[in-house]
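Participant: Protein sequence lines correspond, in order, to chains F and X.
Heads up, the first sequence is in my numbering, so the first residue is 514 and it goes up one at a time.
Heads up, the second sequence is in my numbering, so the first residue is 27 and it goes up one at a time.
Pairs of lysine to aspartate or glutamate residues, derived as EDC-like cross-links and limited to a Cα-Cα distance of at most 16 angstroms, are as follows:
{"hint": "1", "chain 1": "X", "residue 1": "K122", "chain 2": "F", "residue 2": "D678"}
{"hint": "2", "chain 1": "F", "residue 1": "K763", "chain 2": "F", "residue 2": "E572"}
{"hint": "3", "chain 1": "X", "residue 1": "K168", "chain 2": "X", "residue 2": "E152"}
{"hint": "4", "chain 1": "F", "residue 1": "K763", "chain 2": "F", "residue 2": "E553"}
{"hint": "5", "chain 1": "X", "residue 1": "K168", "chain 2": "X", "residue 2": "E155"}
{"hint": "6", "chain 1": "X", "residue 1": "K122", "chain 2": "F", "residue 2": "E682"}
Please keep in mind that the hints were generated in silico from the structure rather than gathered at the bench.
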Amino acid sequence: MISRRALRRGKSRLMVALMGVAVLVAVLPLFLILGSLILEGASSLSLSFFTNRPAPVGEVGGGVAHAILGTLMIVGTASLVGIPLGVAAGLYASEYRGTRLATITRFVADVLNGTPSIVIGLLAWTWVVATQKHFSAFAGSFALAMLMVPMVMRTTEELVRLVPDALREAALALGYTRWRTTLVVVLRTALPGIVTGSLLSVARIAGETAPLLFTALGSEYFSFDMNRPMAALPLVVYKYASGPYPEWHKLAWTASLVLIMVVLVLSIAARLATRQRFDRP
Amino acid sequence: MSEPVVRLRTESLTALYGSFAAVKEVSLAFPTNRVHALIGPSGCGKSTFLRTLNRMHETVPGASITGRVLLDGTDVYAPGVSPIRLRRRVGMVFQKPTPFPFMSIADNVASGLRIDRSLSKSRIAEVVERSLRRAALWDEVKDRLGASAMGLSGGQQQRLCLARSIAPEPEVILLDEPTASLDPQGTQRIEELVFELKGEFTIVIVTHNMQQAARVSDTTSFFYLGTMVEHGPTRQIFTAPRQEQTEAYITGRFG
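Please work from the sequences and hints to get the whole structure.
Facilitator: Have a look at this one:
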């Protein structure tokens, strides 16, 4: 006869073990991906990979510098537009919660969030590429910004809602105007979370391939011209991974590794920039 | 004692949430440089009444008032009167300490001053020190003015909020159950401060704690179901209330 106590303890251990297994299963793919990227890609990492264009088939020592530059420019432009828009919309939806416009905005954002990125790409193609009659990096940024806005907006809204009303009241009672309260107190309190959320959205769009296929198109050359086709890391991965040559496959692996590294560096930099600075007591 | 000056008063003030009147027809005068306590059971309208005095009441959706609140003879609800300016003349401290979490201790105290951009850095530093001294917090924080305000204890945070509200030199300070979330020691320090600060400010304090009302206030009003049942010198309210309801409440028979 097992005592109730032992039975309870046994059940508890079993559940904890099950949860541990669930955690392992959840993070395992991440480590598998990272592991194979490093295994397959790290060997070709060299300085030239970050400074050169791809070498012709058969030659060694090519790089993806043009695509790193392209990704930074396309994603940077998309972020410049998408993050402020998303944050502003999120602030509005949260601080003016009851209004009809807020409800509609929230609904549209949810629908957009659920829209496959390839559909957004088609939209950008119809609106920008088809009307301008040429592919452009700008069209790519447009598509990526459209993906970003609803993501950033929903995160901002959730985080702003978490700011205690007591802080808003304290600011108003000090003689702050409504907009000053919203910007200086509410937004500032929620800022670390909003930065994290925005970074997640940057990371997500940096890896988007489908919307760039019909917009930025890709290119083999260095380019600063947003009005012309431009290379991007996901496009490089897409092209070289589906090509016939083993050298190309190698390059695709390395480019994937670089893509992840770019996202990582961006995240760390932004974290450092927004870290709260207080004197040590 | 000579007849005290009255600069803040209400005239048949009714405060509504939608169509529900939380405060009904209250006329009260607050003598300058005195502490005035508002007591009564939960939901009696005393906090709502307090919040009409600096127009915080109207920040709640659907809230409105009828009647008048007069500060220096001007109706603060008259068209053209800015609630923003009013709130700088009538400061407020809330039930829970509300330091701004992203600001340092000094910045928290300065936050109400920074609205006025003409103030120099050295002037702000002076006012910060003076306000912290008046809130009896200076000695505890003078070596860590740049540290986060969240590192302070609850009682220290509440004194910080008091320092923040007196920094812009308001004429009136509203205290909405300022010790409800504090331990006995923190409570005692706030009460001592209230007693000291009344030399410079008119103070209105809402409290659930009747001993507190008896200890710190000069006059007391008893609220019940939105009406002001009785009003008078604190000693008289607590020793010889005229109304039966007041007596029932202060002797603990209800509420």
